[in-house]
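Visitor: Sequence:
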Amino acid sequence: MSYFDHYVPPELNEIVVDQKNLYAQQQMAKMPRLITKHACSEERKPVTVIEMKKFLGLILVTGIVRKAKLELY
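Numbering (the working numbering), first residue to last: 479 to 551.
Take the hints with a grain of salt, since some may be wrong.
Pairs of lysine to any residue, SDA-like flavour, derived with a Cα cap of 25 Å [what the hints assert, rightly or not]: (1) K532 / A546; (2) K508 / E489; (3) K523 / Q504; (4) K532 / Q497; (5) K531 / H484; (6) K531 / L550; (7) K508 / R522; (8) K545 / R522; (9) K508 / V486; (10) K532 / K508; (11) K547 / M530; (12) K523 / G535; (13) K531 / Q497; (14) K532 / Y551.
Keep in mind that the hints were calculated from the coordinates and are not lab data.
Sequences and hints are given; from them, build the entire structure.
Guide: This is how it looks when you write it as structure tokens:
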């Protein structure tokens, strides 16, 4: 992730994570409680900067490296 860190300042990472967590919290407040077994639960943990970097890294890799199936990444 050194290239990513070189081009994206840590402050931007924190802003993205904070806004993502805020959005998730707002959406959960709107939802009725546990619609299905796959719905968000009360135990949802906030996303961390490390998790967001990993997610964005996967997005970048899947856009650059072509695989026959998603499972191959």
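Visitor: Work down the list of hints and note, for each, if the structure agrees.
Guide: Going down the list of hints, with the structure as the test:
| no. | hint | result |
| --- | --- | --- |
| 1 | K532 / A546 | holds, 21 Å |
| 2 | K508 / E489 | violated, 29 Å |
| 3 | K523 / Q504 | holds, 14 Å |
| 4 | K532 / Q497 | holds, 17 Å |
| 5 | K531 / H484 | holds, 13 Å |
| 6 | K531 / L550 | holds, 20 Å |
| 7 | K508 / R522 | holds, 15 Å |
| 8 | K545 / R522 | violated, 32 Å |
| 9 | K508 / V486 | violated, 32 Å |
| 10 | K532 / K508 | violated, 28 Å |
| 11 | K547 / M530 | holds, 23 Å |
| 12 | K523 / G535 | holds, 21 Å |
| 13 | K531 / Q497 | holds, 15 Å |
| 14 | K532 / Y551 | holds, 13 Å |
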